[in-house]
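Asks: If you're matching them up, the sequences are chains A and B in order. Position one of the first sequence corresponds to residue 0 (numbering that gives the first Met the number 0), numbered consecutively onward. Position one of the second sequence corresponds to residue 0 (numbering that gives the first Met the number 0), numbered consecutively onward.
Heads up, some of the hints might be wrong.
For chains that are exact copies, the list does not tell them apart, and a pair is met inside one copy or across any two.
[Unchecked claim] Straight-line C-alpha distance at most 30 Å; calculated DSBU-like pairs for lysine-lysine:
| id | residue 1 | residue 2 |
| --- | --- | --- |
| 1 | Lys-31 | Lys-425 |
| 2 | Lys-26 | Lys-57 |
| 3 | Lys-57 | Lys-27 |
| 4 | Lys-12 | Lys-425 |
| 5 | Lys-425 | Lys-26 |
Simulated from the structure, these hints should not be mistaken for lab results.
There are 2 protein chains.
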Amino acid sequence: MAQNQIGREIPQKFAESFGVFEGQYAKKHEYKRASGQVAGVTPGDSKMLGSIREAITKSGLKDGMTVSFHHHFREGDAVLNMVMAEIADMGIRNLTLASSSIANVHDPIIDHIRNGVITNITSSGLRDRVGAAISHGIMENPVVIRSHGGRARAIEKGELHIDVAFLGAPSSDCYGNANGSHGKATCGSLGYARVDAEFADKVIIITDNLVPYPNTPISIPQNHVDYVVVVESIGDPNGIAKGATRITSNPKELLIAENACKVITASPYYKEGFSFQAGSGGSTLAVARFLADAMRKDSIKAGYALGGLTGHLCEMLEEGLIGKVIDTQSFDRGAIDSIKNNANHYEISASFYANPGGKGAAVDQLDVVVLSALEIDTDFNVNVMTGSDGVIRGASGGHSDTAAGAKLSLILTPIIRGRIPTIVEKVNTVITPGESVDVVVTELGIAVNPGRKDLIEAFAKLDVPQFTIEELKEKAYAVVGTPDPIIYDEKVVALIEYRDGSLIDVVRKVRD
Amino acid sequence: MAQNQIGREIPQKFAESFGVFEGQYAKKHEYKRASGQVAGVTPGDSKMLGSIREAITKSGLKDGMTVSFHHHFREGDAVLNMVMAEIADMGIRNLTLASSSIANVHDPIIDHIRNGVITNITSSGLRDRVGAAISHGIMENPVVIRSHGGRARAIEKGELHIDVAFLGAPSSDCYGNANGSHGKATCGSLGYARVDAEFADKVIIITDNLVPYPNTPISIPQNHVDYVVVVESIGDPNGIAKGATRITSNPKELLIAENACKVITASPYYKEGFSFQAGSGGSTLAVARFLADAMRKDSIKAGYALGGLTGHLCEMLEEGLIGKVIDTQSFDRGAIDSIKNNANHYEISASFYANPGGKGAAVDQLDVVVLSALEIDTDFNVNVMTGSDGVIRGASGGHSDTAAGAKLSLILTPIIRGRIPTIVEKVNTVITPGESVDVVVTELGIAVNPGRKDLIEAFAKLDVPQFTIEELKEKAYAVVGTPDPIIYDEKVVALIEYRDGSLIDVVRKVRD
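My request is simple: use the sequences and hints to build the entire structure.
Replies: Here it is in structure tokens:
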């Protein structure tokens, strides 16, 4: 058993093949960029195929290969299930599923695992039934969890080689020029899919909206595409994109957001031209509203916002409170309309967004990021992957990427949820190491990472109660008691790669 | 001596290393895409360097390596000379210069060749003094001439590996996000530069217009850039982009253009949604005007135009006569303003434009292309490279790419220029093989390639005199006599790669 820099125990065989986490910037990346196979297309050749099955056949997909999908269609996705059903029906087995993430709608994966069609998985996250099945040991091989930037890194370094990418696209032309902003079932940015298209050997665009050549804007270019298949429907528009998320009316969440806004505006980063990212969770969404009010009052404009992005931020763009947004994933209808219509809303790839092994990621330039947590511990390590029962139900996402890149990272969380403390002695699973976390913001007050003496000084007169992280933990335990330890078996069901490719943690099988 | 499919003699050693031309679609391309070296950038790292010299040092440039530049700045370029002077001053020698093309302004190259700084060149073209020096044998190794698509193919297949790309950019941010549409000295599309940035080991952006992060639109993304250098001036705006070229008033050129327009509108490709490319030469520019008139009269709109592109076509875009333009090179101020302001004017890379070894090029989708010629022979082979004296003065450009891709290719030329026939028995140098050429259009009438029986039938009632190509040649010779043969030495000064990488011809040293 090896121990990594934050004291997590990593079984020797995995430690040897992946390396163990040694610090957020410890690993240096020098390599020849990976690349895909090309079969040249001659004038007159057609890329149009009649069915998913024909595309699978033409792609040369065989037992043991790696297939990829993107998760821009979220709970509305029909593509992954449609393709995997066909693959299973054709008798192809022993595949690695390398989806950028996996949603609840992808429950049929469980049967494909049982039937030996899927024997390895790498993903940002695993939800509900799939997560539970994995946590109960359904797979022989552990799932590899990667952050969005980590996945891009793994692909560009050749650690994750995609044989065939099946990429759903809300619009495409006959040569495969595709985007997510036009069509019947739009998803906005195709930021994750772009990386797969660039590096996979075979790339198949699956669309329900074939348009005349050339389709523009071009998220995925024809020179990265082998085949195009038109289907009846790539998914449910209402599952792909929901209307604007209502900002929370929960007083506790609003208080957390207000505290977070006070922290941001008191920080040295809050000035003309600053940049930030804020996600779609309850409190984080509300932060954007409080921050917009503060920016109007202080006559301060942000240079840009980075997304994963909601319509609320796009309204700030329209209002002129934000100069530009650059977007790897559009969360809701408002963001999708914005990327279609506003030239200052610019799509970027996942590699551009967060690849820690590349020639520079957008997260590196970020001033402030507002994040959430399932748990955070007294070393400031954050868990967004496993529940209080130890079962996988979350996603790594861009959490560790943005926390490592941003100059100021805030973790917003209530001190308890129901009867469960969120500030704990040791988190079940570490996704983001404590050294990347600057301030924990709760309804009771904040705790600043003692490593950030500059911030402790900057916040000396802040109008928010300040505690040590241990004090916050004690307050949580005082309300709900010390949580019972989770009983795990030895078997490792998931490997948690840090964004640099080393192992920051593992998830073990929960005892039945 | 080997002979290729069109009877051109290729010295054995070159035939063996490159292969010889066997037909426009003969070569099949199956390969693993090349890739560049990556040195990972960590949050807090700066890419900004203080000088060109510091960038050369940091890039690790050494004797024998390959450096690249783009030619989007045309006769206004200051970057190539500035960088090469510094390289020469640092004592680095024996370099391969892989510029996408070479202009008159690049005459200092001659000294760098004489001094052993540059010992190999690959380029689309060579003008005036550099071309003459090469033709007179100044270099030991032959220059490799590649079409725009052929260069992209050579880079993507790894036949041309770029160690360091020095890419001038009219605007960039501190992380290297660059475009050509904003700044003091704009050039529009950065289509050629994009390929270099993607595949070179080290990429240096040289700009005179540093803007706040993130610079958008993004032609070259930060994750393809190692360093950024700010200089006083990347070049002369008036040399980079001239105002709209006046359409010719030469009656002979207008007659050729009118004949070409009649050919296009009588062809089966002239219908709603058709596509075309027309360059910037005298007659070709006038074709756009005649074609616009016809399209208005016939209520026909083009789906898209492909560029290399002038402001005249952008006016047709504004008017709604063309639905979209996709652009790898913006020829004039009108085109540059258009790519900045019109969302239907979309930038594409040279690989997207014309790479014959990739997963599909834009030229493959083209209905009609209008091209010019220095000479065309009775086998329909076209020369756009060497003058009637056998001296290199032209450029391969996208000539063979578009001719091979388009369903209908027209070559516009007067039958004589001055006292020199343009329709000849054998062209001095073949850039585009006769099988790619469909119709030759002159002031006297047209000659249809006998291989295109469908067109001969379609043009049965065309209101333009029709001849065989031999008849046109006889008419030219009748006026100016049979041209004297050029006396060449044995020494090969340039290898003409067909777009697929095989040798379609060589250029020999002219006798002094």
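Asks: Now, for every hint given, state plainly whether the structure supports it.
Replies: A quick look at each hint next to the structure:
1. Lys-31 with Lys-425: neither (38 Å within a copy, 46 Å between copies)
2. Lys-26 with Lys-57: between (39 Å within a copy, 21 Å between copies)
3. Lys-57 with Lys-27: Between copies only: 17 Å across chains, 39 Å inside a chain, cut-off 30 Å.
4. Lys-12 with Lys-425: within (24 Å within a copy, 70 Å between copies)
5. Lys-425 with Lys-26: within (25 Å within a copy, 62 Å between copies)
Against the hints set out earlier in the document, a violation occurs for number 1 only.
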